[in-house]
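2 protein chains.
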Amino acid sequence: MYERLKGFRDFYPGEMSARRDAIDTLEDTARRYGFREVGTPALESTRMYVDKSGEGIVEELYSFEDQGGRDVAMTPELTPTVARMVVAKQQELSKPIKWFSTRPFWRYEEPQQGRFREFYQTNVDVFGSSDPAADAEILAWAADAMTDLGLTGEHFDFRVSHRDILGGLLESFDGCGSPDSQAGRNAARSGDADVDTEAAIRAVDKSDTLEKAEYHGLLTDAGLSYDQAERFDDLLRVDAEDLDELVEFAGTDRVEAAVTNLQNVLDAAEDFGVREYCTLSLETARGLDYYTGVVFECFDSTGEVSRSIFGGGRYDDLIESFGGQPTPAVGVAPGHATLSLLCRRAGVRPDEELATDYYVLQVGDTRPVAARVAGDLRERGHVVESDVAGRSFGAQLDYADSVNAETVVIVGEQDLENDELTIKDMASGDQTQVPVDEFPGDDDAPTYEDIA
Amino acid sequence: MYERLKGFRDFYPGEMSARRDAIDTLEDTARRYGFREVGTPALESTRMYVDKSGEGIVEELYSFEDQGGRDVAMTPELTPTVARMVVAKQQELSKPIKWFSTRPFWRYEEPQQGRFREFYQTNVDVFGSSDPAADAEILAWAADAMTDLGLTGEHFDFRVSHRDILGGLLESFDGCGSPDSQAGRNAARSGDADVDTEAAIRAVDKSDTLEKAEYHGLLTDAGLSYDQAERFDDLLRVDAEDLDELVEFAGTDRVEAAVTNLQNVLDAAEDFGVREYCTLSLETARGLDYYTGVVFECFDSTGEVSRSIFGGGRYDDLIESFGGQPTPAVGVAPGHATLSLLCRRAGVRPDEELATDYYVLQVGDTRPVAARVAGDLRERGHVVESDVAGRSFGAQLDYADSVNAETVVIVGEQDLENDELTIKDMASGDQTQVPVDEFPGDDDAPTYEDIA
Numbered sequence: 007m008y009e010r011l012k013g014f015r016d017f018y019p020g021e022m023s024a025r026r027d028a029i030d031t032l033e034d035t036a037r038r039y040g041f042r043e044v045g046t047p048a049l050e051s052t053r054m055y056v057d058k059s060g061e062g063i064v065e066e067l068y069s070f071e072d073q074g075g076r077d078v079a080m081t082p083e084l085t086p087t088v089a090r091m092v093v094a095k096q097q098e099l100s101k102p103i104k105w106f107s108t109r110p111f112w113r114y115e116e117p118q119q120g121r122f123r124e125f126y127q128t129n130v131d132v133f134g135s136s137d138p139a140a141d142a143e144i145l146a147w148a149a150d151a152m153t154d155l156g157l158t159g160e161h162f163d164f165r166v167s168h169r170d171i172l173g174g175l176l177e178s179f180d181g182c183g184s185p186d187s188q189a190g191r192n193a194a195r196s197g198d199a200d201v202d203t204e205a206a207i208r209a210v211d212k213s214d215t216l217e218k219a220e221y222h223g224l225l226t227d228a229g230l231s232y233d234q235a236e237r238f239d240d241l242l243r244v245d246a247e248d249l250d251e252l253v254e255f256a257g258t259d260r261v262e263a264a265v266t267n268l269q270n271v272l273d274a275a276e277d278f279g280v281r282e283y284c285t286l287s288l289e290t291a292r293g294l295d296y297y298t299g300v301v302f303e304c305f306d307s308t309g310e311v312s313r314s315i316f317g318g319g320r321y322d323d324l325i326e327s328f329g330g331q332p333t334p335a336v337g338v339a340p341g342h343a344t345l346s347l348l349c350r351r352a353g354v355r356p357d358e359e360l361a362t363d364y365y366v367l368q369v370g371d372t373r374p375v376a377a378r379v380a381g382d383l384r385e386r387g388h389v390v391e392s393d394v395a396g397r398s399f400g401a402q403l404d405y406a407d408s409v410n411a412e413t414v415v416i417v418g419e420q421d422l423e424n425d426e427l428t429i430k431d432m433a434s435g436d437q438t439q440v441p442v443d444e445f446p447g448d449d450d451a452p453t454y455e456d457i458a
Numbered sequence: 007m008y009e010r011l012k013g014f015r016d017f018y019p020g021e022m023s024a025r026r027d028a029i030d031t032l033e034d035t036a037r038r039y040g041f042r043e044v045g046t047p048a049l050e051s052t053r054m055y056v057d058k059s060g061e062g063i064v065e066e067l068y069s070f071e072d073q074g075g076r077d078v079a080m081t082p083e084l085t086p087t088v089a090r091m092v093v094a095k096q097q098e099l100s101k102p103i104k105w106f107s108t109r110p111f112w113r114y115e116e117p118q119q120g121r122f123r124e125f126y127q128t129n130v131d132v133f134g135s136s137d138p139a140a141d142a143e144i145l146a147w148a149a150d151a152m153t154d155l156g157l158t159g160e161h162f163d164f165r166v167s168h169r170d171i172l173g174g175l176l177e178s179f180d181g182c183g184s185p186d187s188q189a190g191r192n193a194a195r196s197g198d199a200d201v202d203t204e205a206a207i208r209a210v211d212k213s214d215t216l217e218k219a220e221y222h223g224l225l226t227d228a229g230l231s232y233d234q235a236e237r238f239d240d241l242l243r244v245d246a247e248d249l250d251e252l253v254e255f256a257g258t259d260r261v262e263a264a265v266t267n268l269q270n271v272l273d274a275a276e277d278f279g280v281r282e283y284c285t286l287s288l289e290t291a292r293g294l295d296y297y298t299g300v301v302f303e304c305f306d307s308t309g310e311v312s313r314s315i316f317g318g319g320r321y322d323d324l325i326e327s328f329g330g331q332p333t334p335a336v337g338v339a340p341g342h343a344t345l346s347l348l349c350r351r352a353g354v355r356p357d358e359e360l361a362t363d364y365y366v367l368q369v370g371d372t373r374p375v376a377a378r379v380a381g382d383l384r385e386r387g388h389v390v391e392s393d394v395a396g397r398s399f400g401a402q403l404d405y406a407d408s409v410n411a412e413t414v415v416i417v418g419e420q421d422l423e424n425d426e427l428t429i430k431d432m433a434s435g436d437q438t439q440v441p442v443d444e445f446p447g448d449d450d451a452p453t454y455e456d457i458a
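Going down the list, the protein sequences come from chains A and B.
Quick note: to get the working numbering, add 6 to the position in the first sequence (first position is 1).
Quick note: to get the working numbering, add 6 to the position in the second sequence (first position is 1).
Where hints are given, some of them may not hold.
The list treats identical chains as interchangeable, and a pair is accepted whether it falls inside one copy or across any two copies.
Stated by the list, open to error - Derived DMTMM-like pairs (lysine to aspartate or glutamate); straight-line CA-CA distance at most 25 Å:
1) 12 / 425
2) 430 / 277
3) 212 / 289
4) 12 / 72
5) 95 / 16
6) 212 / 154
Everything labelled a hint here was simulated from the structure, so no lab data went into it.
Please model the complete structure; the sequences and the hints are all you need to start from.
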């Protein structure tokens with residue numbers, strides 16, 4: 007009669023249980039790194055997103071005027087909200103500020119595999135440190151979270167880059183390179199190239215999905231000569247050990263600083279034990295958004311999941327642009343839909359089966375004893391179900407089976423006359439009697455095995 | 007620069023940690039009862055709420071037209087959504103269906119103490135059982151959740167009633183009672199009273215907040231005579247042991263069935279060990295909403311928190327009205343804002359302090375060793391922070407103190423020359439050396455005490 011909205015999902019218990027496992031894994035890992043959970047609103051002023059991303063963002067938003075005439079939007083991402091929170095308490099928060107949270111976000115986009123209009127992310131951010139160790143800790147958390155999910159280096163790959171390498175190289179093609187550098191000499195030869203850096207970065211960002219000719223076409227449209235486009239493309243394919251070639255080519259402080267910073271982040275990642283998951287990939291640009299330093303995207307190593315699984319990076323200017331004191335920041339936000347595609351592909355998707363430790367089955371008028379037994383088992387932390395529907399013996403046993411109960415405790419009128427309970431192992435079907443006042447006894451999790 | 011919206015809240019880590027404790031407690035208790043978590047959308051068709059609650063609901067909703075022209079609303083409550091989910095899979099779900107979830111809901115209401123426009127609830131429902139044990143299991147879960155939070159019978163009170171007792175008594179005043187009953191004889195004497203049952207129930211629902219004269223005025227407005235209003239008021243104050251008086255008074259099957267059902271629910275609550283938290287309170291009507299049987303509300307026993315903390319009850323007609331097969335249902339939805347008011351009043355509010363097991367302090371170029379130590383401790387499940395901001399010794403120690411680190415592991419260049427680490431207990435300030443390859447060693451959680 008009523009339909010779920012397009013791009014929104016219902017999670018029934020099996021699927022929810024797998025999702026909860028994944029969320030718990032990411033959050034436990036974040037807690038162990040000393041990230042602290044924050045709670046954030048689902049609605050914010052639309053202006054916050056327009057100021058950050060331009061008017062164009064509005065058509066992707068669930069935005070509306072509320073009953074009080076405010077222009078509000080269902081949050082499409084977390085970063086502006088946490089930036090607002092940092093600004094609001096910038097004096098009292100001891101830095102570095104390390105926050106995480108898992109929640110839904112909303113974007114009015116066309117749903118496709120791994121993309122929904124309502125989607126869940128675990129956001130993890132460090133505010134107040136420009137040290138390369140902060141970038142590396144974000145990479146380390148992400149890698150640990152992935153391996154805690156059961157994934158390995160065979161399954162995923164962090165493609166790491168630095169925004170200023172792309173920007174700086176393009177700038178040097180634009181004739182702004184040092185005249186002593188190779189780029190400066192090239193630019194002098196070719197005249198003022200007047201490169202549209204943003205258009206060129208957009209082209210790089212899409213290069214994965216384009217034919218080479220088309221890609222080079224976009225680069226030349228952006229103001230590079232044909233030779234420069236070829237050279238630029240070659241430079242972006244440099245190995246991590248040869249990053250110094252870029253410094254030499256550009257001959258600018260900007261590229262030198264970026265290369266040094268990227269090398270320092272990779273060195274810290276080495277110390278943190280996660281360098282092996284990182285590949286240098288200078289094409290990784292993370293759009294034109296607010297990133298200012300190291301950026302990275304996680305990909306399926308096999309390419310079977312063709313989209314980026316998630317991404318992150320450094321955004322040192324956002325807090326200041328939100329009216330705060332200059333505060334460097336770096337973060338990452340794994341989305342659970344794409345992460346679950348990767349886990350499924352890798353065969354490590356968490357179990358969707360329901361788990362039940364005990365089903366306490368009542369036969370006849372035995373509720374007081376059954377309730378006492380169920381209560382005792384629950385106090386030990388077990389998942390315990392009991393009849394709340396006045397079902398027959400057979401119906402209760404079927405239900406216990408449907409919720410994968412490991413042990414069934416049968417509380418029958420006849421048994422009780424002998425002061426006994428029946429303990430049934432559901433896997434084998436074996437059962438045995440136990441005195442009613444010895445169950446559950448001293449054992450934390452008594453099973454048929456323990457009693458028989 | 008940007009403001010949070012009115013009625014919405016930011017939860018910084020301390021407050022969030024207390025809130026997470028409360029949510030975990032309610033959810034763990036639900037899991038132990040065999041309730042299964044579900045995940046649900048934040049947006050639904052507005053029509054679902056209008057059909058259930060009438061056009062008037064719209065002004066309380068965050069509703070709008072989405073980019074695709076759909077009339078949508080941010081969910082103001084969970085029940086219609088889970089009803090929709092039950093209907094969508096009614097064939098395949100094994101019954102009883104026992105679901106829980108914690109999430110935010112949204113209503114455009116005037117914020118006041120314990121009421122926000124964005125508010126969090128843990129919803130717990132049983133579908134597919136009309137047995138009184140199902141109602142009692144909801145009461146038992148709620149009582150266990152409250153006591154697991156540290157509350158006791160001194161702090162809270164479940165006021166329990168049955169919708170058909172109120173309705174049935176009013177009906178009998180309306181001349182529909184059995185002619186052999188006392189009500190029937192009364193009605194015959196006074197002529198056809200033509201009672202507006204809904205108006206009378208609304209009056210009862212508000213009776214707590216009204217002067218007696220005003221309350222009786224509303225009852226007479228609803229069609230009761232002055233004597234009937236007095237009598238009705240007396241009847242509602244009956245003790246639990248004397249419920250049979252109501253059956254005798256009304257002389258209708260409806261009141262008899264309701265009284266029997268309520269007694270059975272209270273008997274099951276006795277078996278489940280939670281009868282002591284329940285008080286008979288026939289004024290408890292839970293509005294005019296979809297409730298059909300036993301209803302209850304949780305109140306602060308001292309009355310200091312004057313609002314109802316939360317409520318629940320049986321709603322057997324909703325699934326059918328949503329196009330499903332007739333499916334009895336009973337549920338409850340504690341709101342975390344009022345619950346936190348009660349916990350604060352009772353002095354059992356969870357701790358807002360941050361907890362950190364270890365801070366690994368780096369002095370000089372010791373990151374590889376510090377990272378190894380931090381990693382080993384994290385693998386044992388501890389919360390471990392380490393420097394990611396290139397801070398000085400003193401700044402790191404201040405930070406460790408600000409996050410309440412219990413133990414600081416100092417990894418210094420000089421110590422390392424002797425292959426040692428320094429273990430500092432933050433409470434006492436005591437410290438000692440330990441060989442670097444013996445830490446963390448075999449102990450799960452090595453402290454200064456263990457080593458010195």
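query = For this structure, which hints from the list above don't hold up?
reply = 1 and 6
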